[in-house]
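The listed protein sequences derive, respectively, from chains A and B. Just so we're aligned: the first sequence equals residues 1 to 312 in the numbering used here. Just so we're aligned: the second sequence equals residues 1 to 312 in the numbering used here.
Hints listed in this document are in silico derivations from the structure and should not be mistaken for laboratory results. One thing to keep in mind: the hints can contain errors.
No distinction is drawn between identical chains; accordingly, a pair holds when it is met within one copy or between any pair of copies.
What the hints assert, rightly or not - Taking lysine-lysine pairs in the BS3-like style, the calculated list, with each CA pair at most 30 Å apart, reads:
{"id": "1", "residue 1": "LYS250", "residue 2": "LYS124"}
{"id": "2", "residue 1": "LYS124", "residue 2": "LYS274"}
{"id": "3", "residue 1": "LYS48", "residue 2": "LYS292"}
{"id": "4", "residue 1": "LYS292", "residue 2": "LYS276"}
{"id": "5", "residue 1": "LYS65", "residue 2": "LYS189"}
Just so you know, these numbers come straight off a predicted model, no measurement behind them.
Protein chains: 2
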Amino acid sequence: MIRNTQTIRVFAPATVANVSCGFDVFGFAVHEPGDEVFLTLRNTPRVKILSIHGDKGLLSVDPEKNTAGVAAQAFLNAYAPDAGVDIELFKGLPIGSGLGSSAASAAAVLFGLNRLLGHPADGKALLEFGLQSEKSACGSAHGDNVIPSLLGGFILIRSYHPLDIRHLPIPEDLYCTLVFPQVEIETRKARELIPKSIPLETAVRQWGNTAGLAAGFCLSDYDLIARSMEDLIAEPVRATLIPQYHLVTKSAQDAGALGCGISGSGPTVFALSKGKETAQKVREAMRSVYEKSHVSYQTWVSPLNPEGPRIV
Amino acid sequence: MIRNTQTIRVFAPATVANVSCGFDVFGFAVHEPGDEVFLTLRNTPRVKILSIHGDKGLLSVDPEKNTAGVAAQAFLNAYAPDAGVDIELFKGLPIGSGLGSSAASAAAVLFGLNRLLGHPADGKALLEFGLQSEKSACGSAHGDNVIPSLLGGFILIRSYHPLDIRHLPIPEDLYCTLVFPQVEIETRKARELIPKSIPLETAVRQWGNTAGLAAGFCLSDYDLIARSMEDLIAEPVRATLIPQYHLVTKSAQDAGALGCGISGSGPTVFALSKGKETAQKVREAMRSVYEKSHVSYQTWVSPLNPEGPRIV
Numbered sequence: 001m002i003r004n005t006q007t008i009r010v011f012a013p014a015t016v017a018n019v020s021c022g023f024d025v026f027g028f029a030v031h032e033p034g035d036e037v038f039l040t041l042r043n044t045p046r047v048k049i050l051s052i053h054g055d056k057g058l059l060s061v062d063p064e065k066n067t068a069g070v071a072a073q074a075f076l077n078a079y080a081p082d083a084g085v086d087i088e089l090f091k092g093l094p095i096g097s098g099l100g101s102s103a104a105s106a107a108a109v110l111f112g113l114n115r116l117l118g119h120p121a122d123g124k125a126l127l128e129f130g131l132q133s134e135k136s137a138c139g140s141a142h143g144d145n146v147i148p149s150l151l152g153g154f155i156l157i158r159s160y161h162p163l164d165i166r167h168l169p170i171p172e173d174l175y176c177t178l179v180f181p182q183v184e185i186e187t188r189k190a191r192e193l194i195p196k197s198i199p200l201e202t203a204v205r206q207w208g209n210t211a212g213l214a215a216g217f218c219l220s221d222y223d224l225i226a227r228s229m230e231d232l233i234a235e236p237v238r239a240t241l242i243p244q245y246h247l248v249t250k251s252a253q254d255a256g257a258l259g260c261g262i263s264g265s266g267p268t269v270f271a272l273s274k275g276k277e278t279a280q281k282v283r284e285a286m287r288s289v290y291e292k293s294h295v296s297y298q299t300w301v302s303p304l305n306p307e308g309p310r311i312v
Numbered sequence: 001m002i003r004n005t006q007t008i009r010v011f012a013p014a015t016v017a018n019v020s021c022g023f024d025v026f027g028f029a030v031h032e033p034g035d036e037v038f039l040t041l042r043n044t045p046r047v048k049i050l051s052i053h054g055d056k057g058l059l060s061v062d063p064e065k066n067t068a069g070v071a072a073q074a075f076l077n078a079y080a081p082d083a084g085v086d087i088e089l090f091k092g093l094p095i096g097s098g099l100g101s102s103a104a105s106a107a108a109v110l111f112g113l114n115r116l117l118g119h120p121a122d123g124k125a126l127l128e129f130g131l132q133s134e135k136s137a138c139g140s141a142h143g144d145n146v147i148p149s150l151l152g153g154f155i156l157i158r159s160y161h162p163l164d165i166r167h168l169p170i171p172e173d174l175y176c177t178l179v180f181p182q183v184e185i186e187t188r189k190a191r192e193l194i195p196k197s198i199p200l201e202t203a204v205r206q207w208g209n210t211a212g213l214a215a216g217f218c219l220s221d222y223d224l225i226a227r228s229m230e231d232l233i234a235e236p237v238r239a240t241l242i243p244q245y246h247l248v249t250k251s252a253q254d255a256g257a258l259g260c261g262i263s264g265s266g267p268t269v270f271a272l273s274k275g276k277e278t279a280q281k282v283r284e285a286m287r288s289v290y291e292k293s294h295v296s297y298q299t300w301v302s303p304l305n306p307e308g309p310r311i312v
């Protein structure tokens, strides 16, 4: 029997998927932006989304059409089929930004419900619910947003079948700059741009880079990270969807960024830098490009986020 | 003026290129087998191969048709055009084994000449000579044998153009078992089997594995190393060239190996194990397969070799 006073407020972070060369295999969490959910357990079996704030009216409060609701329903079906939950959703994460907006909402709900119900799900089960909710949102169960949002840190997804993930160490002084130019990119369309097959030579260069980026993180080798941030698969075709992409990334690198890339399927551009000061300079450099071109944008600077969701 | 008493004897190690998932990007050196060269500097501009031992008469003493000679000539042209060298070559490394036989001979000569002439070449220049000599031997400048033979250790070749390499840490208790079944495989033909283009999904799995193997070495995560030793590119097509390949690798894994693969283009099969005892059990298991099938073979067990060439 659930007392209907059981409530929790949870923050889950935005995530950068792919991380340049690591198409579908790397993702990391940041400290901001992120989504918050306010959950109230009920003793009637019903998931209800009471309100959504900060979504500009874009999201549905129908729980079957919202990843927060889908994740909640799947979790309750598994562990508390007689219970329900009221959800208030506070979107700090812009929708359609390539920062894992739907993943963060789902991660916050899953983390919160698991806490409210006394941790019935282990880490692996939580990830499976996260992947399911991503499938409902994006049509494919790519976990490079929801997994780092749920677990925090920098994640290597070595394999999806079976799921095999590994936290990589995060170099101490690494910062992420995010710039979200407000244009619309559909994840499905951005995915369709990716070639279905790639020349061997290109693939070899790409896996040299993914190995390099992984080693760079493990060894805190900033130069190796910088040299490995080269994407021959997604960036060449997706850059065309992002206003001023090459100018923005060049300005970031001129300002000292280790490297840049497209966050997930975009349009957010991310840069990694050594040190907060550099990351802030990089933000100014990227910002100035969009100021001149009159594109609306948002920016954030934060260290990588090792913890994932947290109670607010 | 070179006194004609300047001599040196150098050992350079065998190497395992590709290392399962890391086609063209990973390679490591072992302690045995290897090649030795005995070099005598002369003050007449002529490279002479006095004798070759252990090659069963397969190699040419014409210095233009032997990587040891080609490497020596290129090195002398650059740094001591008035000097010459007499070479005696002791092949401890079987030819056509996939263990970098030509690379080890070249590495030994380059290391030895550089020492005899007072280190005129820095590391980068030595690697360039090594790559050139491989090009003359194999038709392509793939450095995943000659680079680890020259430098020792476990090497990531992140990029060939420009050349960008990184030593990865070697887990302390890691051993390599090698089994060379004596069948002939031509490197060029083995290379032609590799598909020229790869489905995206396969490539993603491969770069998840290369990132995993790199991280596994950096973090001494033996389980991650084991899970990442999966090759979807070369092994499926090249395994057909190697007698009993699937039986040998299965027997190795049943005996406790972390994983197996084809050394370079084969036919040598390598296995990595945690601990010497396991590596020796793995050797027995692999050996027993070839004993039963009456294939001639040679085997070696050694830790990975962090130093590369050494003076004998």
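Going through the hints against the structure:
1. Taking identical chains as interchangeable, the C-alpha atoms of LYS250 and LYS124 lie at most 30 Å apart only when they sit on different chains, with a minimum of 29 Å there against 40 Å within one chain.
2. When the C-alpha separation of LYS124 and LYS274 is checked against a cutoff of 30 Å, the pair qualifies only between copies, where the shortest distance is 27 Å, while the shortest distance within a copy is 32 Å.
3. Within a single copy, LYS48 and LYS292 get their C-alpha atoms no closer than 44 Å, and across copies no closer than 68 Å, so neither meets the 30 Å cut-off.
4. Proximity of LYS292 to LYS276 under the C-alpha cut-off of 30 Å is restricted to the intra-copy arrangement: shortest distance 25 Å within a copy versus 64 Å between copies.
5. When the C-alpha separation of LYS65 and LYS189 is checked against a cutoff of 30 Å, the pair qualifies only within one copy, where the shortest distance is 20 Å, while the shortest distance between copies is 54 Å.
The structure shown violates just one earlier hint, number 3.
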